[in-house]
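Engineer: Let the hints inform the model, and build the full structure from the sequences given.
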Amino acid sequence: MTPGGYFFGVCAVVAVLGALATISARNPIRGAMGLLATIVGIAGMYVQLSAQFLAAIQLIVYAGAVVVLFVFVIMLLGPDAHGADGGKRPGSWARWIAAPLVSVLLLGGAVLLARVSTPQRFRAAPPGHGTIEAVGGDVFGRALVPFELSTALLIVAAVGAIAIARSRATKPSERPASVGATRRLFGGAIHPRDARTVDDEVAR
Amino acid sequence: MSPAVRAVFELAPYLAALAAGALLPRRSGWAERAALGLTAALALALVRGLWPGAAPAPAPSPALEWPHLLNVIVFLPLVGAAAILFLPRQSPTLLRRFTLGILVLDLVASLFLLRASPERGWHFQFIADWLPSFGIRYHVAIDGISLWLVLLTTFTTPIAAFVSFGSLKTRVKDLCFSFLLLQGGMLGAFVALDLFLFYVFWELMLVPMLLLIGVWGGVERIKAAYKFFLYTMAGSVLMLAAILYLVWSHREVAGYLTFDYLALSRLVLPKTAAWLCFGAFLLAFAIKVPMFPLHTWLPDAHVQAPTGGSILLAAVLLKLGTYGYLRFCMGMFGGPAWGAAATLASVAIFGGILYGALCAWKQDDIKRLVAYSSVAHLGFVMLGLFAGTRAGVEGAILVMINHGIATGALFLLVGVIYDRRHTRMVREFGGLARPMPIYTAVFVLVTMASIGVPGTNGFVGEFMVILGTFTSMTLGSNAQMQGVAAAFGVILAAVYMLSVVQKVFFGPVTNPKNAHLPDLSARETIALAPLVALIFVLGLFPRILTDRMHDSVDAVLERYREGRLAHQELPEHATTARLRDRRGGPLERGYPKSPEEREAEAAKLAAATAPASAPAAQGAPQ
Amino acid sequence: MSAFGHVLEHYVLVATLIFGIGCVGFLVRRNVLVQLMSIELMLNAVNLALVAYDREQGAGSTGQTFAFFVIAVAAAEVAVGLAIILAFYRLRGTVDGDVADTLRH
Amino acid sequence: MNPLATVFPPNDFALLAVIVGLPLVGAFVNGVFGKRLGKEAVTLMALSSVGLSFLASVATFVALRGARAAEQAPRFVWQGWEWMRVSSRLDGPDVPIAFDLSVDPLSGTMILVITGVGFLIHLYSTKYMEADAGYHRFFAYLNLFVFSMLVLVLGDSLPVLFVGWEGVGLCSYLLIGFWFHEDANAAAGKKAFIANRVGDFGLLVAMGLLVYHCGALDWRGIDAAAHNLLVPKQVWPIGTHVPLASLLPDSAAAWLNAPRYATGATMVGLALLLGAAGKSAQIPLYVWLPDAMAGPTPVSALIHAATMVTAGVYLVCRLSGVFVLTPAAMFAVAFVGALTALFAATIALVQNDIKKVLAYSTVSQLGFMFLGAGVGAFSAGFFHVLTHAFFKACLFLGAGSVIHAMHARIHGTEASQDMRNMGGLRKFMPVTFVTFAAAWAAIVGFPLTSGFFSKDEILFKAFTSSPQAPLGGSMMVGGRSVELFTWPEWAPITLFVMGVAAATMTAFYMTRLIVGTFLGDFRGWTVVPGWKAAHGHGDDAHDEHAHDEHAHDEPGHGAAGREGPEPHESPWQMTLPLVVLGALAVVAGALNAHALFHSHLLDTWLEPVFQGVEKAIVVKENSKALELPLLVPGLLAFAAGVGGAWWAYVARGGEPMRALAERVPGLHQLVYEKWRIDELYEETFLGAVDALAEFAVWFDKWVVDGLLAKLTALLVAGGGAALRLAQTGRTHAYAALMVVGMAGLGWFFTAPHAQAKVEANHDEGRYVVSAAPGLGYRYRWATAEDGSWASDEFGAQAKVELSLEVGTSRTVKLAVENAFGRVEERTLLLERPRPDRSGPGGATTIEINRGADGRLEGQVAPRPIPSGAFPGPLGSALRVPPSFPVPGGGMPAPRGAAPGGPVPAPGVAAPSPGGAR
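Residue numbers (the working numbering), protein chains in the order written: chain P, 1 to 204; chain R, 1 to 622; chain B, 1 to 105; chain W, 1 to 917.
By construction, these hints were calculated from the structure, which means they are not laboratory data.
Hints may contain errors.
To be verified - Mimicking DSBU-like on lysine-lysine, the simulated pairs with C-alpha atoms at most 30 Å apart in a straight line are: (1) R:503 with W:674; (2) W:701 with R:223; (3) R:362 with W:710; (4) W:757 with R:271.
This one's a predicted model, so the numbers in the text were calculated from it and none came from an experiment.
Structural biologist: What follows is the structure, encoded as structure tokens:
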């Protein structure tokens, strides 16, 4: 086994265990920590796949910002603010059908992959593949437009987050009363001006 | 004789008609007298103009027929409908005058259609590409048959509108809009020769009718409007599926997409496909006719519809079903139509004529009674079409037009007493002959037309249909039996009409409210006069209609026979559709060009005009 | 198994596994926060697959650019998601996903 | 040449249009402008129009005699306009139906009667209806009636006759229901119209059959094509056999299933009989005539005595050419006539209302006419029509003047017509009495009067002549001889006996009538000479309001209470017609007095109309000798009837009849209530139709509407409710559903799909079959002759090529295995058709034309169409192969060369063998 293999093994195990922890943890904080483990594991694999720039980005943006934000919100809501997960609720049938189905689906995909492709080693990566120059050139070269758009997206997301978090709840009763379409189409004089001209004999 | 004397001699009949019309109404009011006199003179002019024997109709070569006339007739009301939306809602009189103006203009324009020569072929034909990628073209034309149905529409709608303006006072703008849109939709459906265009107009008609019934109707108007809409929609959706299959098969066989009736009617589908498509078309038209099992929407729609809506629904909308069967079912599916003719004729007789009459007899609402009588009359029409003889088909078309006039007049008359008493229950009336003598006279006269007393127009059509059934080969061995059963319908017609006439008009005045009902008003008399005049004119001189119909009916019957032969010739297990040979001649004028032909033509055109620098003129209709 | 770690299929296999776990997590857990995290898991799994195939292709790094944008979008998505969860928590007092069924009426 | 012929040439005899036009103009003017013109103008208009029409008829009659004398065909025709065209059998030539009028000796006499008697009755009505508010309306209807009757008689074809036929029905509807404020009158009108309409149904069927068999509807055309009415057609059993016949004993079943044949002529004859019975009130459809007495009396006189009711006999005489071809129909006509004569006479014996007695007498006399026509003595039947018109009109008008007089004090319509309120009127109304007595003499058959001769003629002919089967009674039909109906021997004698019995009863009830009305003492009210209508009644203005029922108006004991003026004699306008008709009633016998004076005026006059018919009637050998002896039974009938009645009512004052009534009250009541035939009809026919209508309405509301509208609405609502359960509102549930969907999709991808394309080049016979690629697919082919697999495990070969000889075919098998190891197989049939030049059916239109580049092109390769087995939208039933076999098939490719189309279109499934045609 080559040293790369070992490294890949470790990262893979960390990532998978982290993912399992994320979804099975009772306490959301532990879930966030599981997420962090997965992200770090995947960052490791990036390095293995000679995608150094991405590994850095992954660690900085994902691990640094996203997981932190999660922890921040979890602490804001109080660590034990989990819903009553236990109780039987109508509609829970969906879960116990969907989950096995998903796993079967992915298993099928994996089997298909295994049967169809003939695995062979990576070829030698061209020099500078995955470095900041390559990816940067690509981002600011061909993918300039998506880049600008993503900046706009980020700004909108920020403003959106603020707007949602701050606004007061609207009471349901204020909703404008909607006149039934049938009543309006076939009902009496729909137009105020129309009522004025003639006696509204039909409007029963 | 000096020219002056000859002029006087020439004008004498019109002056006499004018005087008779003017003298007729007893009450004063010179406006009514003038109007009635004018109608009488106009009616006489129409009859003399159309008189078959008189001047031999000049056979205008196609060049003389202004190709855009049909576009004017169809799109004038549609454009008018659009224009109505911009007129102010508060001045109903302006709206009414504008609508009536457009409708009368349309009537005058449609009178020019009479210049078409009576021999077979498509007249006033106009073709323009609409969606070339799908082979859909704006292809309109008329022949002997659709000419009269267009005239029936343009003749009846102004009357219906004129009467409705008298009684419906709310939402006048929407009323005008609906009338104009309905007129445009109906005319378009009658003249369309491209199946897609036919389908568009077929659906367009439903919307204004839905409004007419839904907005100004009776108490349960919304339920009746929905029922009417859904019934027709269910049928037409099936028809659309059949159209698409036809177009697809045609493309498979001929290689190019076209929705044109001329091309698709050459298609001979394999056995099961032909029967299924025929079934789909038949269902769509049977709902519209309405034929026996699918007729229950008609009484509800009529009972809830306002007078104007009822007149149009009875006079024109039902005829689309029968016209559709004649043009599309018999035109495109000769084989299945021939095969199903005997059974369908029995359904038309026992389900339509006899069943309709029996139901009509027991109704206590006059409008429901007239609605069931429409089912009976249209049973005759369908019987005429199934009989497949020339007399049968011509009789069917005559019954279509005469039913339009007689039942239109009946609904108008029922509207008269509805406006006075706001009820249609027969038991509410009794002994109306005393307070309203003129109204009684007109009602009895129209009843005689509806029953089919010879001398009125009702008789001519039914007589030809019954004789057509007797000598029909399509109905095979039981033609005589069906002829006898159809003739029996004549008795039931007398039974239900006379029983309602007696309950409403004769006998002592039972209900005090009926004692002092005012007789016919000026508006109602003017609306009724042309219909009553036509009852007698068409009753005694049906040749006005049939002369221009002979050739076109022959053409349809020939195509029907060819379709049958081709269908029977097709080997049993054949799974491929085939195209019949093209016959050429006037009936194929305006046949859709396949793309190669079009390219070849464009190439030739370009070659011809290459030296001249002027841009290639847009070709005459492809 | 000398090529362990240097073969494309292994990476894709791991990515599938993580994606599966994320998907099951989203469907099974009722806690909205955990659902959001599961979505993050799925996104990361996709990124991994992208990068793995990019490595396989060798020339050009479109895969990685794509992954880069995915991360950017994921960040925006988390921000808005958490804001929604905050508002939802204030409105309903819980983070249980099943309470939010006003869509039904 | 007489002057008329010059003015009106025979083939364009416009005088007929004048005869018909005048009453129409009169009707229109009176109807529309009557109210404003006032009574005098209306009277003038009505009388002048019918009078001038009468003069024109006389002129026509003279012209006819002139033509007859000058050996020309006595037939004038006036061509109106072409009405419509009807198609004949087997898409034969069109049958034109035109509004043509024609007159010949038969209709010539009829128009004389119609306009003559019509004029007299118009004159009579001017006085009778004087006090009526609807005066102008009455004369409008009367004129319209005369117009319709003239059209009926003068029509040159059956449809024109039908116009008159229904026109007359319409006018009788309007006239019977003239006083429509009474519900009974309107109901009687409706009943008359519907009964006539049942008859019209018969006529319509007859016209249909005539068009089918003879392909013509005008008299000449029918006579010319009458021979093909003799084709017998199996009428019974309708289907192949009578259902449930097997339950009966086999002899009955055999009899039931035995095929029975009827000739076209019989069917037309029976339909015409139904029509005639409807109009002339014979057995099945006579019920409307007695109720029609609700109309004014002149109406009854004109319509229900003289003209309309004889239309049926006119129709039978006019179509005698058709009737003689079918002894069965003639037998029916004769027997219906005889039965009606007898049956109606029995009812007339006990009626008290004088108009009802006369009504049933009319039905009975019509029975005699039908009897005459039925046995083939058409001219005798027609002779009775003439004489009956005169004496029955006179009787009705006499009754009218009596009723008019009774209205002085008794206003109830029933009471004023009841015999028990009359009696002894001969003293007060001498003229009416004398004319009534003249008509009475004629109807009872007083020797030398017109009734005596005409009735006797019919009885004589009934005994001696009977129609004989045209083709000897049997015909070959499909190799089997079929016997047709022939007259039984017992027929003549029974008809004769029934006739004599009816004649006796006629004599009896007519004498009862005249005695009850005119002889004895007056029972109406105590006559006070110079009685002034002091209290309240005023002069009995005869408008319809004053029909209030006075307690003492009941019949029988009228005399006790009231006094009243002397019943006055009617004014001259009413008595003049009575005198004329009375005279005619007596004198008319001279026209055809066979027995005593051997004058055959009418026979010779009608000879051209019926000469074709004589030879079909067989006459007993010794008929010449029997002429005088057969007079005796007629005389005996007259004597017995009159003597009996005289004895019963005058000598014994009606005592024996009352005693008889007490002895059999049930029978008396039954006969008095017209054998309760109306109730029978009510229960059977009308009841059945009514029940059917009720069922139809229920069926329509609940079953048809129920199924189509309500049920579908229910289904849709139920479906909606069920689906609503799935909407839980929680995102999890939706996500779960989405996953289930994806799983389904996944399953689809795990299954392999063996699709294949064939590029067929029929000319060189090269076929390339290529399989559709798929993820991880591996293929296995079997192209060998014996169908064995080329290799036993799956390889990567996706395309295979083979070549075929002309006319041979090969099945190719393809198996596909995908990544999950699942396998799907597919077989394809490749066939190379023989290049087929002939192409069955129409030759393929292959135009040889010079293409753009000058090359000669015979055929055009069809456009390349994207192929691939297309499952077709409607499943396998409609599986249409994606492409079309290469030329040689019958597809007439659109004209014009397809410049350089690529490789001819590939095809998958084999084209149908032997070219696509």
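Engineer: Between residue 362 of chain R and residue 710 of chain W, does the CA-CA distance stay at or below 30 Å?
Structural biologist: Holds, at roughly 22 Å.
Engineer: For the pair supplied as a hint, residue 757 of chain W and residue 271 of chain R, is the alpha-carbon distance within the 30 Å limit?
Structural biologist: holds, 27 Å
Engineer: Within 30 Å, alpha carbon to alpha carbon, are residue 503 of chain R and residue 674 of chain W?
Structural biologist: holds, 27 Å
Engineer: Quickly compare the C-alpha distance for residue 701 of chain W and residue 223 of chain R to 30 Å and report which way the hint goes.
Structural biologist: holds, 16 Å
The earlier numbered hints are all upheld by this structure, with none contradicted.
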